[in-house]
Amino acid sequence: GESVGLHLPTLSVQEGDNSIINCAYSNSASDYFIWYKQESGKGPQFIIDIRSNMDKRQGQRVTVLLNKTVKHLSLQIAATQPGDSAVYFCAEPDTGRRALTFGSGTRLQVQP
Amino acid sequence: KAGVTQTPRYLIKTRGQQVTLSCSPISGHRSVSWYQQTPGQGLQFLFEYFSETQRNKGNFPGRFSGRQFSNSRSEMNVSTLELGDSALYLCASSLALPRDTGELFFGEGSRLTVL
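Chains A and B are the protein sequences, given in the same order. Residue numbering for the first sequence follows my numbering, beginning at 438 and increasing consecutively. Residue numbering for the second sequence follows my numbering, beginning at -18 and increasing consecutively.
The shape of chain A in the complex, shown without the other chains (with noise of 0.2 Å):
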């Protein structure tokens, strides 16, 4: 099955700097990606998605690149706000297409 993960639990990043949060995937079939946004207390929300079919995708303030070739996944977040602190996860769906596989999430701390 896919197998959705990330490089780094934590990333703590100055408050205007831009922020980059890491995903990598282990099926070379996986054609669709999506990241959420947790803040502390709240339910996941939708941040961007992007299929097979496109290296990049842009958002506001946000981006995501996908480099098919290393499966390789990234959220690029332009200049970091406080708002922005919260818990980061990649996700696709399962095999069956019906549910969504998340991988296990990025803190990102922003540091005023």
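Possibly wrong hints are sitting among the right ones.
Unchecked claim - Listed next, the in silico DSS-like pairs over lysine-lysine satisfying Cα-Cα at most 30 Å (straight line):
1. B:Lys38 to A:Lys479
2. A:Lys505 to A:Lys493
3. B:Lys(-6) to A:Lys479
4. B:Lys38 to A:Lys508
5. B:Lys(-6) to B:Lys38
6. A:Lys493 to A:Lys508
7. A:Lys479 to A:Lys493
As the list claims (entries may be wrong) - Away from chain B, derived, C-beta distances all over 10 Å, residues of chain A:
8. Ser449
9. Ala461
10. Ala466
11. Met491
12. Asp492
13. Arg494
14. Gln495
15. Asn504
16. Gln513
17. Pro519
It is worth saying that the hints were derived from the structure and are not from the lab. As the structure is a prediction and not an experimental result, all values here were calculated from the model. For every residue, glycine included, the Cβ atom is placed at its ideal position computed from N, Cα and C.
Start from chain A and add chain B according to the hints.
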């Protein structure tokens, strides 16, 4: 537009008891999924319902069950509670399956503590 509402937000049970958690999806969303979140296992899929039918089930024992009503509201039940069932139970609603969109709308969860 109201979001996904889960009740209760917090509850404490003892081993052997059972618990029922409730979820009201976003209006118009017919797919409701449940996930368990623990520090050790992360987010794990429990089951998904659509039009009162369970379409998919994760790898959890039969003590975990659920149902969906005609108004799309859903409940999940855990019987014979074990200490390891302590977790945040998250409900999510969506318009379509993950193969079409990975945008799930999550509630704030029900935090269950089993003593």
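**Prompt:** Quick check: which numbered hints come out false for this structure?
**Reply:** none
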